[in-house]
Amino acid sequence: MIQIEPEVIQQAQNGNQQAFTTLVEACQKPVYNLCYRMLGDPDEAEDAAQETFLRAYHNLRRYDRQRSFSTWLLSIAAHYCIDQLRRRRLTLISIDADPALDPPDLAPGPESAFHHSQEQQRVQALLDTLGPQDRSAVTLYYWYDFSYDEIAEALSLTVSAVKSRLHRARLSMAQTWSEQETTSYPTERKHHESPAF
Amino acid sequence: MNHQPFRSWLLSEEPLPPEQAQALNEHLQDCEACRQIDTSWSKVFGLFQCVSPAAPAPGFTERWQQRLIAQRMAAQRRQAWIAVAVTAGTALLLLLILGIQVVQILRAPAQLLLMWIARLTSLVNVLVDIQKFILMVLNSGPIIPITLAIFFTGFICFISVAWLATYRQMTSNWRIA
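Top to bottom, those sequences are chains A and B. Residue numbering for the first sequence follows the working numbering, starting at 1 and increasing by one per position. Residue numbering for the second sequence follows the working numbering, starting at 1001 and increasing by one per position.
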């Protein structure tokens, strides 16, 4: 979760440019990660994250300090990405272009990087099967440890709608995974079979 | 077989009561489809746990600042264009009105001259009426008694002198320094 000093937010609300730059520094990773999980493309994620901060900058006076700043900021990002996905309808994922990622594990190397890249692609492929709202709910729940209430607040939904969407998304992803396993398994078998057959 | 309640329990991340957990386990032993969902979801969840968050390329904040500057400049340009368009539109409108006037003068100069003379005459009439009204009010007798007027004028003079003295005192060099 993002930790931000309330004084910094107050200074930014009073028009302090340096304070807002501090907020951008502190929140860029979570915002970018949400945009990347939502859109599946590094360039589009960068664009969406930048736009999120611009919108936050222009609407900072409207931010209610009683609410969590991270929820407010990620809500802007999620709504922007949902709009982008609705406009796009069809998501095209660039398989070659991966974003700059945090070190995945303790043993970096070509094999590890390849494995990590494959995992990223599998996650993205699963998320891409979901609708925009379900995708944002899943991302906020599993990557940001948001509660049902926080997701409901961020996505302007009811708590029961969030629970329902998450349940539907889990079932959909499990079924997709199951289908992928059954379709990839025979080809893997063939790969290891003797050339005599 | 109705899989719905079992799938709801299976995919729920909240702890189940013991009787529901037992019913789910019994169902999973018999139902291949639900078992597959259970296994697949466990794998998906495991994948979510091990995948690290994506981070932007270095220099994100600088790029954002450049974008903000570019956006401001674009807004300023847009405002400048709007101002130019409004000015040009107003100038065109004035030119159009002037053109119509010129055409009217060229077509019938005598009528236009008569119309303007009539307007000036009516304006002079209005001014004369106002003058008559003011004279009537002044001739009807003093509105303020003479002693009160003298007292009031004296008071205004005194206040003005006091204000000037205070101002001079306040703005003197030793006080500002």
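Worth flagging that the hints you see were computed from the coordinates, not collected in a lab. Ideal Cβ placement from N, Cα and C applies to all residues, glycine included. The reader is advised that the hints may include incorrect statements.
To be verified - Here are a few chain B residues that face chain A, going by a calculated C-beta distance under 8 Å: (1) W1009; (2) K1043; (3) A1055; (4) T1061; (5) Q1071; (6) M1073; (7) A1165; (8) Y1167.
Now the hints, each set against the structure:
no. : hint  : in the structure
1   : W1009 : 11 Å, violated
2   : K1043 : 6 Å, holds
3   : A1055 : 5 Å, holds
4   : T1061 : 5 Å, holds
5   : Q1071 : 7 Å, holds
6   : M1073 : 14 Å, violated
7   : A1165 : 42 Å, violated
8   : Y1167 : 35 Å, violated
Violated hints, in rising order: 1, 6, 7 and 8; the structure is consistent with all others.
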